[in-house]
Amino acid sequence: MADKRNNSSSDIISGLPCELLCYTFGFLPLKDAARTSVLSTKFQHIWCGIDRVDLQAISIREEPLSLLETLNVRHLILKTCSHLFQFDGICRFVLKSCPLLEILTINNPVRIFPDYVPPFELNPEEFWTKNLIILSCMETSLKVVEVFGFQGTGNEVLMLQYMILFESVLEEVNLYLSEEDDGYGGNRENYRKIDEWILQRNIERASHKLSISIYSREGYVYEVKYNSAAACAQFGFQFGKFLDESLSQKNMAAKRNNSSRDIISSLSCELLSYIFGFLPFKEVARTSVLSTKFRHIWRGIDRIDLQENHFIQENETERNKMNQRREFINFAFHCWSKKCTAKTIYAFSLTFSRPRNFYVETYYLIRFSVARNVKALTLDFHDPIWREDGLENHGGVFDLPVFVYSYQGFESLKLFSCNFLASEFRNFTALKELSLGWIQLGPNSVRTVLMYCPLLESFNLKKCWSIHERLDISRPNLRLKYLVVDRCNFLSGLVRIQAPNLRFFKYGGKAARFNFESRLTYMQEAELDFGQQSEFSGVADLLYDLLDQLFSVRVLTVCSFLLQVIPIGEEPTGLLKTLNVRHLTLKTSMRSFEFDGTIFMIKSCPLLEALTINNLGPAGIFPDDVPPFELDPEEFWTNNLIVHRCIKTSLKVVEVLGFRGTGNEILMLQYLISFGSVLEEVNLYLSEEDDGYGGNSEKYLQIAESMQHDIQRASHKLRISIY
Amino acid sequence: MASSSSSSSTQVKKITLKAADGKHFEVEEPVAMEMETVKSFFVGNEDAMKDMVVPLLNVSSEHMPAILDFYRNHSEFRKRTPPPPAEEVKAFNEAFLENKSDEQLMEMIMAANFLNTKELLNFLTEAAANRIKNKSVEYVRAFFGIENDFTPEEEARIRAENEWAFDGLDED
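Respectively, the protein sequence lines represent chains A and B. Residue 556 in full-length UniProt numbering is what sits at position 556 of the first sequence, and the numbering runs on without skipping anything. Residue 52 in full-length UniProt numbering is what sits at position 52 of the second sequence, and the numbering runs on without skipping anything.
Treat the hints with caution; some may be incorrect.
As the list claims (entries may be wrong) - Derived pair list, reagent style PhoX-like, types lysine-lysine, alpha-carbon separation capped at 25 Å:
hint: 1; chain 1: A; residue 1: 506; chain 2: B; residue 2: 14
hint: 2; chain 1: A; residue 1: 375; chain 2: A; residue 2: 414
hint: 3; chain 1: B; residue 1: 133; chain 2: A; residue 2: 282
hint: 4; chain 1: A; residue 1: 652; chain 2: B; residue 2: 90
hint: 5; chain 1: B; residue 1: 118; chain 2: B; residue 2: 90
hint: 6; chain 1: B; residue 1: 133; chain 2: A; residue 2: 339
hint: 7; chain 1: B; residue 1: 135; chain 2: A; residue 2: 293
hint: 8; chain 1: B; residue 1: 18; chain 2: A; residue 2: 481
hint: 9; chain 1: B; residue 1: 18; chain 2: A; residue 2: 293
hint: 10; chain 1: A; residue 1: 462; chain 2: A; residue 2: 375
hint: 11; chain 1: B; residue 1: 18; chain 2: A; residue 2: 432
hint: 12; chain 1: A; residue 1: 343; chain 2: B; residue 2: 118
hint: 13; chain 1: A; residue 1: 282; chain 2: B; residue 2: 135
hint: 14; chain 1: A; residue 1: 282; chain 2: A; residue 2: 338
hint: 15; chain 1: A; residue 1: 375; chain 2: A; residue 2: 338
hint: 16; chain 1: B; residue 1: 18; chain 2: B; residue 2: 100
hint: 17; chain 1: A; residue 1: 414; chain 2: A; residue 2: 343
hint: 18; chain 1: A; residue 1: 462; chain 2: A; residue 2: 481
hint: 19; chain 1: A; residue 1: 481; chain 2: B; residue 2: 79
hint: 20; chain 1: B; residue 1: 79; chain 2: A; residue 2: 432
hint: 21; chain 1: A; residue 1: 375; chain 2: B; residue 2: 118
hint: 22; chain 1: A; residue 1: 414; chain 2: A; residue 2: 510
hint: 23; chain 1: A; residue 1: 321; chain 2: A; residue 2: 375
hint: 24; chain 1: B; residue 1: 118; chain 2: A; residue 2: 432
None of these hints come from the bench; they were simulated from the model.
Work out the full structure: start from the sequences and follow the hints.
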């Protein structure tokens, strides 16, 4: 001690023993005490020894959630009795303030003053499982948790469970059993039952390296056999199966002998769960009642699709829906993820509209999938009541947990209404498919994502919106093959795409100015739907421009809006280039003001081989649409009509989906059939809907049949079929 | 893979495979190498090539021609540039499954599993899944030939456990 004083003679109190210092600091508010940790290396840990009173008090102070500054503490010792009114202090305050924490020691035997009145009451179970925050030290640094004087109380166990569940780098949990009886019949023997508890509850560990050891005073070390949660579940599964089998063996022995011709009993469980993996999840669940052998096979499938709408009835009150939602998440959390026997998961999908109300469960399920090396993750948190054609923008309701960003195994990722940080995508280099939806895109986030994911082949944006920018999908050498932009809302209405390998392009939403900066040599298929556009003026030129750029596609689908608008542009007679389209699909309502557009499209596709008319019926028209001009349909299809090249030379198949036998449909078919000299097939798929004027599928059939007989044909090979 | 030899020289190396019932099949080397089980037979053992007969214990000769046909066509699809249109592949796959009974499908799945070919196995298992999609429990039992060995009470209990999964079925 003398030496020390010589070295730092000005430091008066450094000579005091730690206990004394600690005692002194105990009179300080915790905040001040905490600041002493930076005084010198010696002081770094001392404040941690301060007594419980402040720990209790801290949670009811004015700023209970955090200190203004974070502490540099690596080893934190809490003297606590694990009483519930300390939880808030422990969890929210102390752990949060120490982002670099490596070792946490909980020293249990401190007794509370009997006359201490807890400042508030709290349900411990609720506290440790609901609405918890996962703190940064738990994800990045905390390696060791020690509990001295472990008594296995409910509160201790809950806290431990929380830590095992969420601390992803945890390596050791050491429990030193208390020597004392707790006065309620508890003693060392009981305390040690913790290991059984861990096995029973089958807590999922967040960390792979975790080992849990139990020490008593004799130095007896017992390591909880907890090698892997999966193995544990496996054990439970096999044991359960064994029980099931031995039970039913009594009853069923005779029956079982007969089932020798069971084909599939020769298929192994893996092969069966592989087959089941292709089924919708709901059906997989049904396989559990096939026979005893199948009771648990479905728990081994590696494609998991959890959807809340299997549990939630549409027309229930919001309150009942909430209960059903609870049921769903309970199923997902307790009945599924805890009993899953698959060691790796290929695809995991969670569709759930209230993730915030079940934060821990949701967080845990994501963790569960990542821990099993999921390759395709889908998180769909959007609320089904949001309308796809609605104009309002919706944002994310859940933040993608931080640990996800450090996982490198994703090949496919779909995030709907889930907030993410594009700048953290740098580990997702293996990503091939990405879907983003119901989210606000930050400035440059599309660019950033494309930059970090060089292998991306499929990119899907749905109901995304941004107040910042145009949509800019451009990276040199982008591998992108499939691009879908569906009902997105970008302020400038400009879409810039530079993707030389693009094969499939689908656009839905408002008309925008498209700018493809590279030649689309491989382009195969395009689908355009401007159903959201309500204004006509000035749009026609944009559409010409777009069609010109898409000249190389072989399969093209266009919407009614395009058919209405395209003939009123400045160059109504044709495109600059002809299109390479072989299969053209028109989504139309077969109204006279779409005919000009139809003819325009037929003219622009001289190589057309198949024409599909998808008749949406009256539903496809907006009631407030004012037709730009009137036209007599009969006259249009019979007088002064030019027969375009494709009709005479290449058009082989005409299909009408939703055939209703209206005058317009018949006139147009008449035209195609009477001039289509190489036509081979006309397929009419009758509409299921009534038209509101007494028409129904029977009447449609009549019309179709009469047409089959009466119509004059230009081609000998023609076959007209009705479905 | 030795794809070059097949185009340049007329002498394509052949490998003889022996099905479970003893029948022999002469197969071009690249096609045989599609099967991981066969491939692993030869890897690092180049001498073995000559007049080696590879026994395939779990594959009956009934399915060999179909399986080999699948390998030939699909390896050709993969080599072609530009890749063949999806319809062509689909048409081949549909034709492949036509006239195959459920039992034959199961046997082929086992064969594919033994031959350890991911592509064929994926394709067949997906086809099997499609056949039982949205069917009742009774139908699926019949499909796999499963004897129901639950007591009625047990079955009712398990059905209740996953009640959500049992509505909205197709007719069998």
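Tested hints:
{"no.": "1", "hint": "506(A) to 14(B)", "verdict": "violated, 47 Å"}
{"no.": "2", "hint": "375(A) to 414(A)", "verdict": "holds, 11 Å"}
{"no.": "3", "hint": "133(B) to 282(A)", "verdict": "holds, 10 Å"}
{"no.": "4", "hint": "652(A) to 90(B)", "verdict": "holds, 21 Å"}
{"no.": "5", "hint": "118(B) to 90(B)", "verdict": "holds, 18 Å"}
{"no.": "6", "hint": "133(B) to 339(A)", "verdict": "holds, 24 Å"}
{"no.": "7", "hint": "135(B) to 293(A)", "verdict": "holds, 19 Å"}
{"no.": "8", "hint": "18(B) to 481(A)", "verdict": "violated, 43 Å"}
{"no.": "9", "hint": "18(B) to 293(A)", "verdict": "violated, 33 Å"}
{"no.": "10", "hint": "462(A) to 375(A)", "verdict": "holds, 22 Å"}
{"no.": "11", "hint": "18(B) to 432(A)", "verdict": "violated, 40 Å"}
{"no.": "12", "hint": "343(A) to 118(B)", "verdict": "holds, 19 Å"}
{"no.": "13", "hint": "282(A) to 135(B)", "verdict": "holds, 11 Å"}
{"no.": "14", "hint": "282(A) to 338(A)", "verdict": "holds, 18 Å"}
{"no.": "15", "hint": "375(A) to 338(A)", "verdict": "holds, 20 Å"}
{"no.": "16", "hint": "18(B) to 100(B)", "verdict": "holds, 23 Å"}
{"no.": "17", "hint": "414(A) to 343(A)", "verdict": "holds, 22 Å"}
{"no.": "18", "hint": "462(A) to 481(A)", "verdict": "holds, 17 Å"}
{"no.": "19", "hint": "481(A) to 79(B)", "verdict": "holds, 19 Å"}
{"no.": "20", "hint": "79(B) to 432(A)", "verdict": "holds, 22 Å"}
{"no.": "21", "hint": "375(A) to 118(B)", "verdict": "holds, 17 Å"}
{"no.": "22", "hint": "414(A) to 510(A)", "verdict": "holds, 23 Å"}
{"no.": "23", "hint": "321(A) to 375(A)", "verdict": "violated, 31 Å"}
{"no.": "24", "hint": "118(B) to 432(A)", "verdict": "holds, 20 Å"}
Of the hints listed earlier, those the structure fails to meet are numbers 1, 8, 9, 11 and 23, in rising order.
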